[in-house]
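> Sequence:
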Amino acid sequence: MSKYMEILNFLFPNQNNGIFKIILMLHFTLSILGAMGSSASNIYVFYNFLIIIMILWSTREKENMELLRLVVALEICACLIDLFYLITLIHEVHQYVSFRGIISAITSLLNWISRPIIVSYIIRINNTQENESLSEDFENSRFQSAKKSSLRFESEKRDSIQNNPFESQYFAVSSQDDTHK
Numbered sequence: 001m002s003k004y005m006e007i008l009n010f011l012f013p014n015q016n017n018g019i020f021k022i023i024l025m026l027h028f029t030l031s032i033l034g035a036m037g038s039s040a041s042n043i044y045v046f047y048n049f050l051i052i053i054m055i056l057w058s059t060r061e062k063e064n065m066e067l068l069r070l071v072v073a074l075e076i077c078a079c080l081i082d083l084f085y086l087i088t089l090i091h092e093v094h095q096y097v098s099f100r101g102i103i104s105a106i107t108s109l110l111n112w113i114s115r116p117i118i119v120s121y122i123i124r125i126n127n128t129q130e131n132e133s134l135s136e137d138f139e140n141s142r143f144q145s146a147k148k149s150s151l152r153f154e155s156e157k158r159d160s161i162q163n164n165p166f167e168s169q170y171f172a173v174s175s176q177d178d179t180h181k
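Going by the UniProt record's numbering, the sequence shown runs without a break in its numbering and finishes at 181.
In short, the hints are calculated from the structure, not lab data.
Check before you lean on any hint, since a few could be wrong.
[Claimed, not checked] Beta-carbon label-pair distances, calculated as ranges: (1) P116 <-> F46: 19 to 25 Å; (2) F99 <-> L70: 32 to 38 Å; (3) Y121 <-> I90: 24 to 30 Å.
Glycine included, C-beta positions come from ideal geometry on N, C-alpha and C.
Turn these sequences into a full structure, and let the hints steer you where they fit.
Written out as structure tokens, the structure is:
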């Protein structure tokens, strides 16, 4: 179990969320165990592997919301495909009773149940990241507007001094007179 976590930490060093890594590992394990006892296991492994790659890619490319929408759409399609897969798998288990078939059916069912949870968690992770980036953008824009207004004030002050040099000398002389008294 720790070897999988080391691999995930290597792939995603900035991903501090341990729950995400556990969910990804659970999804991977359930996908592999679900493919053990069926004749359609190549298809099952293919689209589950594709979804795992898309999930990893969507967490790597945090700014790309189209990729997140694609992952959610693939997960919804995978739920429908899993439903058909489970129906054929249950028929196969009834026809040829085997331990591998039963384990495959149970893990496929668990994988099918876990898909909506995984989708909601991915959306929540990306929404929090999007909110953090929006708040950083807001803070940066506030800083930039404050900086612009202070620069504008300084330039107006400089322009007024350049346009009326007597006024600036008067203030300079009067302040010197006050200090000598």
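> Give a verdict on every hint.
Against the structure, the hints come out as follows:
Distance hint check: the CB atoms of P116 and F46 are about 21 Å apart, consistent with the given range 19 to 25 Å. Checked against the given bound of 32 to 38 Å, the beta carbons of F99 and L70, roughly 37 Å apart, stay inside it. At roughly 28 Å, the beta-carbon separation of Y121 and I90 lies within the given 24 to 30 Å, and the hint holds.
The structure shown violates none of the earlier numbered hints.
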